[in-house]
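There are 2 protein chains.
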Amino acid sequence: MKRSERLVDMTKYLLERPHTLISLPFFAERYGSAKSSISEDLAILKHTLAANEDGILETVAGAAGGVRYIPFLGKAHSKEYLADLANRIEDTERILPGGFVYLSDILGSPKDMLRIGQMVATHFAYKDITAVMTIETKGIPLAEAVSRFLNVPFVTARKKGKVTEGSTVSVNYLSSSSSRVAKMELPTKSLAKNSNVLIIDDFMKGGGTLTGMEGLVREFDSKVGGICVLCETSHADKMVDDYISLIKIDEIDTEKSVIKTSIGNFLDKTDFNRF
Amino acid sequence: MKRSERLVDMTKYLLERPHTLISLPFFAERYGSAKSSISEDLAILKHTLAANEDGILETVAGAAGGVRYIPFLGKAHSKEYLADLANRIEDTERILPGGFVYLSDILGSPKDMLRIGQMVATHFAYKDITAVMTIETKGIPLAEAVSRFLNVPFVTARKKGKVTEGSTVSVNYLSSSSSRVAKMELPTKSLAKNSNVLIIDDFMKGGGTLTGMEGLVREFDSKVGGICVLCETSHADKMVDDYISLIKIDEIDTEKSVIKTSIGNFLDKTDFNRF
Numbered sequence: 021m022k023r024s025e026r027l028v029d030m031t032k033y034l035l036e037r038p039h040t041l042i043s044l045p046f047f048a049e050r051y052g053s054a055k056s057s058i059s060e061d062l063a064i065l066k067h068t069l070a071a072n073e074d075g076i077l078e079t080v081a082g083a084a085g086g087v088r089y090i091p092f093l094g095k096a097h098s099k100e101y102l103a104d105l106a107n108r109i110e111d112t113e114r115i116l117p118g119g120f121v122y123l124s125d126i127l128g129s130p131k132d133m134l135r136i137g138q139m140v141a142t143h144f145a146y147k148d149i150t151a152v153m154t155i156e157t158k159g160i161p162l163a164e165a166v167s168r169f170l171n172v173p174f175v176t177a178r179k180k181g182k183v184t185e186g187s188t189v190s191v192n193y194l195s196s197s198s199s200r201v202a203k204m205e206l207p208t209k210s211l212a213k214n215s216n217v218l219i220i221d222d223f224m225k226g227g228g229t230l231t232g233m234e235g236l237v238r239e240f241d242s243k244v245g246g247i248c249v250l251c252e253t254s255h256a257d258k259m260v261d262d263y264i265s266l267i268k269i270d271e272i273d274t275e276k277s278v279i280k281t282s283i284g285n286f287l288d289k290t291d292f293n294r295f
Numbered sequence: 021m022k023r024s025e026r027l028v029d030m031t032k033y034l035l036e037r038p039h040t041l042i043s044l045p046f047f048a049e050r051y052g053s054a055k056s057s058i059s060e061d062l063a064i065l066k067h068t069l070a071a072n073e074d075g076i077l078e079t080v081a082g083a084a085g086g087v088r089y090i091p092f093l094g095k096a097h098s099k100e101y102l103a104d105l106a107n108r109i110e111d112t113e114r115i116l117p118g119g120f121v122y123l124s125d126i127l128g129s130p131k132d133m134l135r136i137g138q139m140v141a142t143h144f145a146y147k148d149i150t151a152v153m154t155i156e157t158k159g160i161p162l163a164e165a166v167s168r169f170l171n172v173p174f175v176t177a178r179k180k181g182k183v184t185e186g187s188t189v190s191v192n193y194l195s196s197s198s199s200r201v202a203k204m205e206l207p208t209k210s211l212a213k214n215s216n217v218l219i220i221d222d223f224m225k226g227g228g229t230l231t232g233m234e235g236l237v238r239e240f241d242s243k244v245g246g247i248c249v250l251c252e253t254s255h256a257d258k259m260v261d262d263y264i265s266l267i268k269i270d271e272i273d274t275e276k277s278v279i280k281t282s283i284g285n286f287l288d289k290t291d292f293n294r295f
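Line by line, the protein sequences give chains A and X.
The first sequence begins at 21 in the numbering used here and counts up one residue at a time.
The second sequence begins at 21 in the numbering used here and counts up one residue at a time.
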């Protein structure tokens, strides 16, 4: 196969398998090419991704070595996207009763899920996350998008029992928006012991739901590798302190019909110096 | 920019934007290259994807023309994947009370969502779908996966009212598994009029939930462009007749601990002759 054809196939192959080590002999056999040619192909791929700041091709040396595609979105791309997103969310039509914000269009948009997935996966690229956790319902698209780019499974906690998932482990937590004790649960077999879990949700006010998920993670003898939310509100006392937010709702007033947004702490907290 | 570098970038650019027309002048400007060189690049891309039967590059002629990447998974790839999936689902550990099947691991697996999304998008590639609809909770990962490859938004119907999504439109439907009338709803602003909607869900017994979603689609002055389920059970009377299923549960018996599966009607109903 010619170099040009190999590059097309190799790019698609690697993009579909993020964070997965692919050996040089695998590609050499796939294309019937010498390993030296494959190495040159990979060097082209690596430097093209790096030049665009939208992906990393990592080389692992040695007998068990190969290459690994790491989804990565550079700071300029991330900033541009987040500024646009903050602007789109700052729309009085989105204000819902109770200080909530209508986000279903964003959570259902493949373009937004692509960028958000890439950005969150950039932040956690080297944090050895082995599973993503969210809670039904609106966190699910985010969890799936991030799971795709970290290439690890995601699990969904539920707020009430369903008969269709077998045995579960449950925890009580203090729901900060309603100030009452609530219950969430996860199927027993859905999360392996010793997982390193990234918790993700769409909206954080006090963080009560997030602490509930932290409790669930501990029940599975696992640890919390990170917490990330799409939107945080700025005024409430937070029950969690170490988290990443993409968007900050600086002000929301249902009666006066005011909503003010800005970019969350994501840009400051992310190490973009991999390029 | 060199051809080799252009091909890497172009492949990534197109894969991230399925079903989107990209003009030749756009690429010519992006790479500072002649349109004739870009045309040659695209011919290489097109024939490499076609040779692997895992994607189509469509050329649109004329002044407003360009190229469009259509996700597509050939019959051999689809059959191989579905045989493996049917085999994985045929596991007595998955049997849940009430004749349900534990599928959360598959619905939370990025590798499965990739293949399932590509396959369903293959079937509906030329059906002018403008939105994907599902119902909470387990259909959401499927809807997102398909939405990604068709590059159209997805919407999530809910079984009960939530205060956090504003005004809704609701319908009653006959839940065939419980033989009672239930209610589902969708936020008023989530679906545009005259949409052509692909309905997707994880599990079909009688199809009552699917008819509920058909009713919702009509309430939004839209039409149903197709129905697709991950698993169907074979024995119940179906309330819908025109649907695609990936996996068929031929037999499930909780007491005897028996589950038998096979490939659904997907392979027979899909036109793979685009290659």
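Any given hint could turn out to be false.
All copies of an identical chain are treated as equivalent in the list; a pair is satisfied when it fits inside any one copy or across any two copies.
Heads up, simulated EDC-like pairs for lysine to aspartate or glutamate below, C-alpha to C-alpha not over 16 angstroms straight-line [claimed, not checked]:
1. Lys95 x Glu239
2. Lys268 x Glu110
3. Lys243 x Asp111
4. Lys209 x Glu113
5. Lys258 x Glu239
6. Lys243 x Glu60
7. Lys22 x Asp262
8. Lys280 x Asp148
9. Lys209 x Asp125
10. Lys209 x Asp111
11. Lys55 x Glu271
Please keep in mind that the hints were generated in silico from the structure rather than gathered at the bench.
* To do: Evaluate Lys243 and Glu60 at a C-alpha cut-off of 16 angstroms and name the case that applies: within, between, both or neither.
  => For Lys243 and Glu60, the Cα distance exceeds 16 angstroms both inside one copy (40 angstroms) and across copies (51 angstroms).
* How would you classify Lys280 and Asp148 at a CA-CA limit of 16 angstroms: within, between, both, or neither? -> Cα proximity of Lys280 and Asp148: none, with 35 angstroms in one copy and 37 angstroms across.
* When no copy is named, should Lys209 and Asp111 be tagged within, between, both, or neither for a Cα gap of at most 16 angstroms? -> between (42 angstroms within a copy, 14 angstroms between copies)
* **Intra- versus inter-copy proximity for Glu239 and Lys95 (alpha-carbon distance at most 16 angstroms)** => Classified as neither: same-chain Cα gap 36 angstroms, cross-chain 43 angstroms, threshold 16 angstroms.
* Can you tell me if Lys209 and Glu113 fall within 16 angstroms by alpha carbon in one copy, between copies, both or neither? -> between (41 angstroms within a copy, 10 angstroms between copies)
* Please work out whether the CA atoms of Lys258 and Glu239 approach to 16 angstroms or closer within one copy, between two copies, in both situations, or in neither? => neither (22 angstroms within a copy, 41 angstroms between copies)
* Have a look at Lys209 and Asp125 and pick one of within, between, both or neither, based on CA distance no larger than 16 angstroms. => between (32 angstroms within a copy, 9 angstroms between copies)
* Lys22 and Asp262: within-copy, between-copy, both or neither at 16 angstroms Cα -> neither (49 angstroms within a copy, 44 angstroms between copies)
* **Up to 16 angstroms CA-CA - Asp111 versus Lys243, copy category** => For Lys243 and Asp111, neither the intra-copy (37 angstroms) nor the inter-copy (30 angstroms) Cα distance is at most 16 angstroms.
* Asked: Which holds for Lys268 with Glu110 at a C-alpha limit of 16 angstroms: within a copy, between copies, both or neither?
  -> So Lys268 and Glu110 pass the 16 angstroms test inside one copy only (10 angstroms; across, 46 angstroms).
* To do: Could you figure out if Lys55 and Glu271 sit no more than 16 angstroms apart (CA to CA) within one copy, between two copies, both or neither?
  => So Lys55 and Glu271 fail the 16 angstroms test inside a copy (57 angstroms) and across (49 angstroms) alike.
When the structure is compared with the earlier hints, violations turn up for hints 1, 3, 5, 6, 7, 8, 11 and for no others.
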